[in-house]
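Trainee: Below are the chains, spelled out letter by letter.
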Amino acid sequence: MNKPIARLAFVATSLMVVLVIATTYWQAWAAGGLADRQENQIERVAQFTIERGRIVTREPAAVLARNRPKRVAGRTLFFRKYPAGGWRHTSSATPRRDARGQAWSAPATTT
Amino acid sequence: MGTPPLSARNRELVNLVGVGVLTAVGFASVYIARQALVSSESLTYAALFLALYLVAHLVARYAVPDADSYLLPMVALLSAIGLTMIYRLDPDDAFRQSLWIVIGVLLFGLTLLVLRRDYRILESYKYLFGVGSLVLLALPALPGIGQTINGARLWVKVGPLQFQPGELAKIVLIVFLAGYLRDKREVLAQGRLKDFGPLLLIWGAAMVVLVQTNDLGSGLLLFGIFLAMLYVATGRALYAAGGLVLFVVGAAAIYRVFPRVESRVSNWLDPWADANGAGYQSVQSLFSIGNGGFGGTGLGRGTFTTTEGNPIIPFLNTDFIYSAIAQELGLVGSAGLLLVFMLFIARGMRVALVASDGFSKLLAAGLTFGFALQTFIIVGGVLRVIPLTGITLPFVSYGGSSVVANFVLLAGLMLVSDRANARP
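Just so you know, the protein sequences line up as chains A and B, in that order. Letter by letter, the first sequence follows residues 1 to 111 of my numbering. Letter by letter, the second sequence follows residues 112 to 535 of my numbering.
Okay, chain B solo, but in the shape it has when bound:
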């Protein structure tokens, strides 16, 4: 009766083609709004974009045939929305961003190919991953290669290449925590203090590094991932609650010591107090969001430059890309974007639920929660739900390290999913 159900990979292909059509429409509408002409150039862009994801699809077909079929198309959709918006703001940035997406897809394919037999060998190298994440976090603090940009010491510059190792550290840390917590979950659940030693040590070191690099957004992100994974491993909500208390106490102490954080918090509580100074960014970003209203101004028709031709919001395509999207696509578009994030999170958590072993469950839950929390921290910051800290919106914001790291995250989820769904 009826047609046979599509295989997972065929469903992925159909969805990807749908995303390709959407990309073409997005690019075309930016083109029409900006140049008042329909150009085949926008179609070329969309075709190249689709071709890139078809490569990713073919690798997935070979390496992870049974993996969840919605993860890759959703990532394609998110990066298409991001790339369209970046293109609309600055075509040169969009070119660089698409190069990073190419590198991301290559790394995605490489991760799948290398780990397709059994990614669980990573578990035996867990301490290497633990040390690795610390090294990655500490890299920007090293003199010579470390770079301070906009008051945060997050970048490493080697020759012409510049990247944020913190983004990759997030994933490496999740692999370590998955391995370590799987190993120690029974003893940790008993709650003897000495068993927490190595965890607290790694955590303390990470905190010190983060405070030194002056980046509290990632600190919040890593701490949240740690608490979530600890809760999943032990099933004890008390640990998560205790951790939260610990965090609030720590944050209050940091608030007093670091002027950067103090200004962030007072801006959050009342950005109108200094709307042309410290609160400028926040306030203009809210204006941008409010201006979008229900339906938005339409792609390419928003206002992002002053009457003098200067950008209204600094860092629009990284930290504030959500306010740009909210203005041009309105509530319909931004809520739609958030729903795509939500669906991705739901699929990722489903992967964790159906995975058969502890390491896989922890890995998938950690990766998914990291993705969710990162989205919440940056969009929540822009919307004044929480104080603003500058981190990227996964797959959407402009930024090479973030795109590449998130493609590795996607590869991890698909590997776990393939193993869980594979027929015996």
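Looking at chain A on its own, in the form it has when it is part of the complex:
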């Protein structure tokens, strides 16, 4: 029975090689393309870690946009606030939910 076992061993270890190749594909070749996609929640979270500056006007003196820091799952995210109102492009405060109850936001125009 040793010949079939040796062949089976070859098949079984080859399965793992296929997995290594597939992992390499996603993490080396496809990674850039994946990061660019709109649906990427990780990239979305990464954008919220950036503390952006305030937007102010001089006359009349007013703050049009500011940041409100908030701790989410162990890291600080900066949510944009628009005190003057009416400016909102992204809707992080009222996420839409899909069938799974997962929150997600509509593809956002940049703020």
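No lab work stands behind these hints, which were simulated from the structure alone. The structure displayed is predicted, hence computed values, not measured ones. Glycine residues also receive a C-beta, built at the ideal position from the N, C-alpha and C atoms. Treat the hints loosely; a few may be bogus.
[Stated by the list, open to error] Okay, the calculated beta carbon distance ranges per label pair: (1) Val136/B <-> Arg37/A: 31 to 37 Å; (2) Arg347/B <-> Arg75/A: 55 to 61 Å; (3) Ala35/A <-> Asp203/B: 28 to 34 Å; (4) Gln146/B <-> Thr13/A: 36 to 42 Å; (5) Ala35/A <-> Ser467/B: 51 to 57 Å.
Got chain A; can you put chain B on it based on the hints?
Mentor: What follows is chain B alone, placed relative to chain A:
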């Protein structure tokens, strides 16, 4: 000249201590990333973990002194990686998982102690094992104790305990097939149809049960194990090829009948078509893997929650634990993990090669191939190599039944290995 070579068990001990050090480093780095402090708590965790495996080691020293010395340390390493990741995702889950590892190690020790004289007595109970595997597979379909979770009827709930008998059925079925195929391999190799009767019967029944419980991942797994063992027993590649054709035909039929499977396949072919709906899980899991890149984000530094604090990927610590590992440890870590799986498979197949009798060979080859195929089905599903079906990654995923069953699998391999290596 030089130092005398270490005995098998001493080598195992040295490797286990190495795994213990790695566990301590893993827990400590999660701790530092999460709480920004070094705590002795992480060291306590690692010490308890090592102590547990030292118990397993001592039992092995007594019951299977000549068994392969790499199998147990590799399992310790896999479960350490899994536990660290589960701990990083949810410390409460990690506590439950470690309880299951304790139960797994106890069952591992018990199996070794009970069967240490001669595990081959199992062969005389092969039909009992055959019926047993069917009963285990059918249990979740029974009203009253069966539980449907996430659309698959796989769980049995008795009081507060909840488990998946299918995981154990896999091992029981392998024992049956090893006994049955050893007995009938010569007649099966002749290829007369009537000799295949009992095999086809058991197989057909298993398929019906699996379709009823709505779980095709395990169906694929059991069918693959069956084909592999049939090939080893008869040496006829034609049977394996015929079986594969049979499977593709069956799968095509199932594809048309079950909407669950159809959606799985269309998601596999194009998850981007409905990236916020049906393809959501797959797509976000690929993002997670891609985000890891070459070196990963580092343990405890990956992103698994949305800006609203919800989990990005549902079932992250069971079906998708590989995508979590790939994000935080990167290509280096995930390829390393796969290499540990590969080494375990190579050692297991070596056990089958050096075993002296047919039952032992079939048992070791079946157990090892089952382990390999299960890994391939879930990781391949996550990586879009094959359609995704939810089964656990052995020793790594969160899930009690899987951990316990895989410890029994390990015990089986070590028993066969001990017998094969024992000095006369």
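Trainee: Identify every previously stated hint that the structure contradicts and give their numbers, smallest first.
Mentor: none
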